[in-house]
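Chain by chain, the residues run as shown.
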Amino acid sequence: MTPLLDVQGLSKHYGGRIGCADVSFRLYPGEVLGIVGESGSGKSTLLNCLAGHLGPDSGQVIFDTRGDGPRDVLTMSEPERRMLGRTDWAFVHQNPRDGLRMRISAGGNVGERLMAVGARHYGEIREAAADWLGRVEIAEARIDDRPSAFSGGMQQRLQIARNLVTGPRLVFMDEPTGGLDVSVQARLLDLIRGLVRRMGLSAIVVTHDLAVVRLLADRLMVMKDGHVIETGLTDQVLDDPQAPYTQLLVSSVLQV
Amino acid sequence: MIHVANLAKNFTLHNQGGAVIPVIAGASFRVEPGECVALVGESGAGKSTVMRILYGNYLAQGGSVRIGGLDITRAAPREILALRRETLGYVSQFLRVVPRVPTLEVVAEPLLALGRPEDAAFARARDLLTRLRIPERLWSLSPTTFSGGEQQRVNIARGFAHAYPALLLDEPTASLDATNRETVLRLIEDAKANGAAIVGIFHDLAARDRVADREIDVQAFTPRLP
Numbered sequence: 001m002t003p004l005l006d007v008q009g010l011s012k013h014y015g016g017r018i019g020c021a022d023v024s025f026r027l028y029p030g031e032v033l034g035i036v037g038e039s040g041s042g043k044s045t046l047l048n049c050l051a052g053h054l055g056p057d058s059g060q061v062i063f064d065t066r067g068d069g070p071r072d073v074l075t076m077s078e079p080e081r082r083m084l085g086r087t088d089w090a091f092v093h094q095n096p097r098d099g100l101r102m103r104i105s106a107g108g109n110v111g112e113r114l115m116a117v118g119a120r121h122y123g124e125i126r127e128a129a130a131d132w133l134g135r136v137e138i139a140e141a142r143i144d145d146r147p148s149a150f151s152g153g154m155q156q157r158l159q160i161a162r163n164l165v166t167g168p169r170l171v172f173m174d175e176p177t178g179g180l181d182v183s184v185q186a187r188l189l190d191l192i193r194g195l196v197r198r199m200g201l202s203a204i205v206v207t208h209d210l211a212v213v214r215l216l217a218d219r220l221m222v223m224k225d226g227h228v229i230e231t232g233l234t235d236q237v238l239d240d241p242q243a244p245y246t247q248l249l250v251s252s253v254l255q256v
Numbered sequence: 001m002i003h004v005a006n007l008a009k010n011f012t013l014h015n016q017g018g019a020v021i022p023v024i025a026g027a028s029f030r031v032e033p034g035e036c037v038a039l040v041g042e043s044g045a046g047k048s049t050v051m052r053i054l055y056g057n058y059l060a061q062g063g064s065v066r067i068g069g070l071d072i073t074r075a076a077p078r079e080i081l082a083l084r085r086e087t088l089g090y091v092s093q094f095l096r097v098v099p100r101v102p103t104l105e106v107v108a109e110p111l112l113a114l115g116r117p118e119d120a121a122f123a124r125a126r127d128l129l130t131r132l133r134i135p136e137r138l139w140s141l142s143p144t145t146f147s148g149g150e151q152q153r154v155n156i157a158r159g160f161a162h163a164y165p166a167l168l169l170d171e172p173t174a175s176l177d178a179t180n181r182e183t184v185l186r187l188i189e190d191a192k193a194n195g196a197a198i199v200g201i202f203h204d205l206a207a208r209d210r211v212a213d214r215e216i217d218v219q220a221f222t223p224r225l226p
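Going down the list, the protein sequences come from chains A and B.
Residue 58 in this note's numbering is what sits at position 58 of the first sequence, and the numbering runs on without skipping anything.
Residue 135 in this note's numbering is what sits at position 135 of the second sequence, and the numbering runs on without skipping anything.
By construction, these hints were calculated from the structure, which means they are not laboratory data.
Among these hints, one or two may not hold up.
[Said to hold, decoys possible] Just the calculated beta-carbon pair ranges, DEER-fashion:
#: 1; chain 1: A; residue 1: 39; chain 2: B; residue 2: 33; range: 46 to 54 angstroms
#: 2; chain 1: B; residue 1: 32; chain 2: A; residue 2: 70; range: 40 to 48 angstroms
#: 3; chain 1: A; residue 1: 251; chain 2: B; residue 2: 224; range: 52 to 60 angstroms
#: 4; chain 1: B; residue 1: 18; chain 2: A; residue 2: 67; range: 48 to 56 angstroms
#: 5; chain 1: A; residue 1: 197; chain 2: B; residue 2: 195; range: 38 to 46 angstroms
#: 6; chain 1: A; residue 1: 199; chain 2: B; residue 2: 86; range: 18 to 26 angstroms
#: 7; chain 1: B; residue 1: 113; chain 2: A; residue 2: 39; range: 52 to 60 angstroms
#: 8; chain 1: A; residue 1: 197; chain 2: B; residue 2: 6; range: 47 to 55 angstroms
#: 9; chain 1: B; residue 1: 11; chain 2: A; residue 2: 145; range: 48 to 56 angstroms
#: 10; chain 1: A; residue 1: 148; chain 2: B; residue 2: 178; range: 57 to 65 angstroms
#: 11; chain 1: A; residue 1: 8; chain 2: B; residue 2: 135; range: 30 to 38 angstroms
[To be verified] Chain B is nowhere near these chain A residues, computed Cβ spacing over 12 angstroms in every case:
#: 12; residue: 152
#: 13; residue: 183
#: 14; residue: 186
#: 15; residue: 240
Keep in mind the model is a prediction, meaning the values are calculated, not measured.
Note that CB positions come from ideal geometry on N, CA and C, so glycine has one too.
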């Protein structure tokens, strides 16, 4: 099977400081990869390099495009990469304010992404927006409200709807449940898990929350000081960690 | 179906002075289709460790574990995921689920993950929940709020939803009342009759005698300390 994403030797330095170093992995269709590590471990740098938000110093990010098969995203032209970001890729930010337009309506936020890929029929766009609000459990009556009038959990669900409306194949998520109440987190996890399965999505989820990756991710990558220090099946890495740092990380979680 | 050869397992505790604790050495056994094998031995002898290695949850340091032709000690994560989806089931003692997911969906999930039609998957889930006497009014609720015994029965229903050719059972009848215990033993007997290769840990001796064809004493695999 062709991997959806094939990352080879990806490195990014900030001056003399390591962002991430020599990261290689493959992601297959339908897989959810979790990336864990403490603050400053390089996981967000890696995610942003993969998603084209940051330019890495070296390496390859080969994506299996719909039209032309596997292509290195890093050597694509900027318009091509931007098109990918609007169609096959989605990026869910930790802070919904970074992924939403706060001054336009909820329906507009979802519709805008559709218009960016050529949808023009107002009725159809509004219908698709209403359908997606329903899927992320936002009442249709709120379609004309601005996200600034929404709770944090609703904003995060709206951001997910905006991202998934174009039927992407790969979703990048940066701490998608960070900063939310645990009850809201559970609801969001249920939603993400359901969407991943029903839409056959692949996802890369960066988080420091080991409980979140245990429930969401098939595979895990543990990062420390910019390096990948351990990889494997999620439950195996969490239950039988091999690297000293992973053992420390797992044993540091408070039990409830 | 399950072929374990010369298996070895150590735990290295890096944060406790790098202590290396050998727990299993030279474990070899086979389980054929339609056969149920009980792992026996004192508490701490390594029964659960063996089960977890068979499921790919613990890494082995040596030897091989072939299940349905795949050596899980060397397989890539996605190969183990596919094996767990299609071939290898595991009923653990603890239910771990995404909060808020209804019980019916928790039980149907292994079938949905295999791409089975929703109506067939949910019909099977309803049948199992009925047989395991989980009241219908609870099916739409998340099992995270259930009692320990109810959670265990949901876990069993989920573990038996798909007819896995290889099945690992960790104390499947612990803390069940007589009626539910009988139901679980029948599920195990049905799985055997359908050709499943089963490895189980049973502290319930009567249950072990009834379903297990033979016993493997894991103390034979306990490394001798110098």
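Results of checking the hints against the structure:
Look at residue 39 of chain A against residue 33 of chain B: about 50 angstroms separates their beta carbons, and that is inside 46 to 54 angstroms. Distance hint check for residue 32 of chain B and residue 70 of chain A: the Cβ-Cβ separation is about 43 angstroms, which falls inside the suggested range of 40 to 48 angstroms. At roughly 29 angstroms, the beta-carbon separation of residue 251 of chain A and residue 224 of chain B lies outside the given 52 to 60 angstroms, and the hint is violated. In this structure the supplied range 48 to 56 angstroms holds for residue 18 of chain B paired with residue 67 of chain A, their Cβ-Cβ distance being about 52 angstroms.
Judged by the Cβ atoms, the range 38 to 46 angstroms given for residue 197 of chain A and residue 195 of chain B is violated: they are separated by roughly 29 angstroms. For residue 199 of chain A and residue 86 of chain B, the Cβ-Cβ distance of about 21 angstroms falls inside the hinted range of 18 to 26 angstroms, so the restraint holds. Our hint of 52 to 60 angstroms for residue 113 of chain B and residue 39 of chain A is violated, since their Cβ atoms are close to 34 angstroms apart. Checked against the hint of 47 to 55 angstroms, the C-beta distance between residue 197 of chain A and residue 6 of chain B comes to roughly 38 angstroms, which is inconsistent with it.
Between residue 11 of chain B and residue 145 of chain A the beta carbon distance is about 54 angstroms. The supplied range of 48 to 56 angstroms therefore holds. Against the hinted window of 57 to 65 angstroms, the Cβ-Cβ separation of residue 148 of chain A and residue 178 of chain B comes to about 59 angstroms, which satisfies the hint. Distance hint check: the CB atoms of residue 8 of chain A and residue 135 of chain B are about 54 angstroms apart, inconsistent with the given range 30 to 38 angstroms. The Cβ of residue 152 of chain A sits about 18 angstroms from the closest Cβ of chain B, beyond the 12 angstroms cut-off, so the non-interface label holds.
With a minimum CB-CB distance of about 8 angstroms to chain B, residue 183 of chain A fails to clear the 12 angstroms threshold, and the non-interface call is violated. At the 12 angstroms boundary, the C-beta of residue 186 of chain A falls inside the reach of chain B, the nearest C-beta of that chain being 4 angstroms off. The non-interface label for residue 240 of chain A is inconsistent with chain B: the shortest C-beta to C-beta separation is roughly 4 angstroms, within 12 angstroms.
The structure does not agree with the numbered hints 3, 5, 7, 8, 11, 13, 14, 15 stated previously, though it agrees with the rest.
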